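Trainee: Take a look at the letters that make up each chain.
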Amino acid sequence: MLRLARLAAVASAIAFAVPAVAAAVEIETAKGPVTLAGTPEKVAVFDIAAIDTLLALGIVPAGVPDKLYVPYLGEDAAKAPKVGTLFEPNLEAVAGLAPDLIVIGGRSSTQGDALAPIAPVIDMTIGSDVVAEAKARLTAYGKAFGREARAAELTAALDAELTAVARAAEGQGTALVLLTNGTKLSAYGAGSRFGWIHSALGLPQAREGLKTDTHGDAISFEFIAETNPDWIFVIDRGAAIGEAGSAAATLDNPLVKGTRAAKAEQIVYLSPAPIYIAGGGYTSLMGTLAELKAALAK
Amino acid sequence: MRLAALLTLALIPLSALSLMLGAASVDVAAIGHDPQAALIFWVSRLPRTLAVLLTGAALAVAGVILQQIVRNRFVEPGTTGTGEGAALGLLAITLLAPGAPIIVKMLVASAAALATTFLFLRLIRRLPPREVLLVPLVGLILAGVLQAAVTFIGWQTDLLQYIGTWLMSGEFSGVIAGRYELLWIAGAAAALAYVYADRFVLLGLGRDAATNLGLDTERVLHLGLAVVSIVTALVVVTVGMIPFVGLVVPNLVSRLMGDNLRQSLPVVAAGGAALVLACDILGRAVRYPYEVPVGTVLGVLGSALFLWLLYRQPAR
Numbered sequence: 001m002l003r004l005a006r007l008a009a010v011a012s013a014i015a016f017a018v019p020a021v022a023a024a025v026e027i028e029t030a031k032g033p034v035t036l037a038g039t040p041e042k043v044a045v046f047d048i049a050a051i052d053t054l055l056a057l058g059i060v061p062a063g064v065p066d067k068l069y070v071p072y073l074g075e076d077a078a079k080a081p082k083v084g085t086l087f088e089p090n091l092e093a094v095a096g097l098a099p100d101l102i103v104i105g106g107r108s109s110t111q112g113d114a115l116a117p118i119a120p121v122i123d124m125t126i127g128s129d130v131v132a133e134a135k136a137r138l139t140a141y142g143k144a145f146g147r148e149a150r151a152a153e154l155t156a157a158l159d160a161e162l163t164a165v166a167r168a169a170e171g172q173g174t175a176l177v178l179l180t181n182g183t184k185l186s187a188y189g190a191g192s193r194f195g196w197i198h199s200a201l202g203l204p205q206a207r208e209g210l211k212t213d214t215h216g217d218a219i220s221f222e223f224i225a226e227t228n229p230d231w232i233f234v235i236d237r238g239a240a241i242g243e244a245g246s247a248a249a250t251l252d253n254p255l256v257k258g259t260r261a262a263k264a265e266q267i268v269y270l271s272p273a274p275i276y277i278a279g280g281g282y283t284s285l286m287g288t289l290a291e292l293k294a295a296l297a298k
Numbered sequence: 001m002r003l004a005a006l007l008t009l010a011l012i013p014l015s016a017l018s019l020m021l022g023a024a025s026v027d028v029a030a031i032g033h034d035p036q037a038a039l040i041f042w043v044s045r046l047p048r049t050l051a052v053l054l055t056g057a058a059l060a061v062a063g064v065i066l067q068q069i070v071r072n073r074f075v076e077p078g079t080t081g082t083g084e085g086a087a088l089g090l091l092a093i094t095l096l097a098p099g100a101p102i103i104v105k106m107l108v109a110s111a112a113a114l115a116t117t118f119l120f121l122r123l124i125r126r127l128p129p130r131e132v133l134l135v136p137l138v139g140l141i142l143a144g145v146l147q148a149a150v151t152f153i154g155w156q157t158d159l160l161q162y163i164g165t166w167l168m169s170g171e172f173s174g175v176i177a178g179r180y181e182l183l184w185i186a187g188a189a190a191a192l193a194y195v196y197a198d199r200f201v202l203l204g205l206g207r208d209a210a211t212n213l214g215l216d217t218e219r220v221l222h223l224g225l226a227v228v229s230i231v232t233a234l235v236v237v238t239v240g241m242i243p244f245v246g247l248v249v250p251n252l253v254s255r256l257m258g259d260n261l262r263q264s265l266p267v268v269a270a271g272g273a274a275l276v277l278a279c280d281i282l283g284r285a286v287r288y289p290y291e292v293p294v295g296t297v298l299g300v301l302g303s304a305l306f307l308w309l310l311y312r313q314p315a316r
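Residue numbers (the UniProt record's numbering), protein chains in the order written: chain A, 1 to 298; chain B, 1 to 316.
In short, the hints are calculated from the structure, not lab data.
All figures in this text were calculated on a predicted structure; none of them were measured in a lab.
For every residue, glycine included, the Cβ atom is placed at its ideal position computed from N, Cα and C.
Here chain B is said to cover these stretches of chain A; the calculated rule only asks that three of the stretch's residues, wherever they fall, bring their Cβ under 8 Å from a Cβ of chain B:
1. 180 to 186
2. 222 to 229
Simulated restraints on C-beta separations:
3. A/Thr110 x B/Asn212: 54 to 64 Å
4. A/Phe87 x B/Leu9: 46 to 56 Å
5. A/Glu92 x B/Ser303: 36 to 46 Å
6. B/Gly144 x A/Gly112: 22 to 32 Å
7. B/Leu123 x A/Ser199: 53 to 63 Å
8. B/Gly144 x A/Asn90: 25 to 35 Å
Straight-line C-alpha distance at most 35 Å; calculated DSBU-like pairs for lysine-lysine:
9. B/Lys105 x A/Lys263
10. A/Lys82 x B/Lys105
11. A/Lys143 x A/Lys67
12. B/Lys105 x A/Lys257
13. A/Lys67 x A/Lys293
14. A/Lys67 x A/Lys31
15. A/Lys293 x A/Lys31
16. A/Lys79 x A/Lys42
17. A/Lys82 x A/Lys143
18. A/Lys67 x B/Lys105
19. A/Lys143 x A/Lys42
20. A/Lys298 x A/Lys135
Chain A on its own, in the form it takes in the complex (with noise of 0.2 Å):
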């Protein structure tokens, strides 16, 4: 079955690359232009997200990390050949694999001199301009996998819904974007690495003025009480290994209740595995979106 399911792979991929042999292409990463050889047909993918928008674009990985820790990126990606973790790449097995291209990002991205013999290497982590930034690593990978009209299918479609999410976003006061880790809280403002939910939404943050740290700031519950959201966007860090309500049970005491998201029932949970271990990755993108889009329409 693996065996198949990476001849199919490498197949497609052959079949897609055929018009765009050879043709060396230059393509935007996070650390500036990178000029491809020609069109990779093997890659080894070591950052989540770029899996997730690979695989919207129809391109399956030759090579993922041992764990891939969101459930959604399907059978492809999961029977891919293991080559390390994110953090230390498994460089016998990425050797073997003999990539034509690496794909790092977000936290393997320091792992570039490390695989830089083995094959070329380009950084797509994602930084903090989540939006901006996930639709130019979509139009880099369409061009350097010779998919731009899918890539531009993909843009569209993420545009309409950002515009549909917005429009359900008008008028409906202000946000606050919290993390919840055991009891603790942080609050992640509009500069910080989930602060897009703001500008997409077009939400104002619920206190003005605030200078925020793109790993969220530790916050009191008074905190909360003080701001007083029209509504709370909760990513709960430990939802993510498994620990379902955990979130809800934090934010259950009087300080949260009196605000008026809790009041009018506004107090939105994300699906934190794909928005924290994927984010900016094309389906979780949408998937975010979507959920965003259904709390605010209620």
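Fit chain B to the given chain A structure using the hints.
Mentor: Leaving out everything else, chain B in the frame of chain A:
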């Protein structure tokens, strides 16, 4: 005695400040007629202040007890792997039974902490008795080994940040009514240590001397270890690891008033409470309305104090 009075006096304005300072802008004086102010006071401000006081006092007392047991001044629960042991236990229960109630998680963490403390004792019994600096070194190594295990498992399971936020960075930002009450047990354990204060002093004379003086050394030893483990585990699980309190406070107090624990333990407790409270208030104020973990503040302040102690008071 004068010192005890002084510290108690310092605790009053600190506690008052702690009750007044928070992200919510309410007038605490108005709790009588403003329901929002009353809510903030009873649910957030008072529990947090109590949690800080209990934590500081219990950690400082646990530090003294451990120093008596291993007969070395440069040891604290944080430098013997007890905290890391608790973290390892908590990690294990989080992975094996993610849905377990918090009380079960705390019990597992306490058991792991206890086991770690016993391991530490077994290790240091093999050391030459005159080499006092080896004791904290072995503790640091044990803590490092356990920390490595925690990091390894955390990495494999993508739980590093989860552990880091919950356990390793000691902070009180998550403390509200209903989330800190286990610290009363830590406080009670520290109070129990006071009841047996004299026996810990005897134990500090060494095993043979203590036995000759008619002390049931095994029992006192086990009691002391139980106090240290329970305090460390409950603090780690409730607010996270808080370094240095159990080290600098007992040493400072010992320098000022000697080792008569019957007299000095209350001062140690008050000193620990005052230090942690001052650091927590600082942590609340520095990036207001966001929070800086008290563990971070103490880490900076504590390392400076520790270096000063090492410089002023070389190994006996």
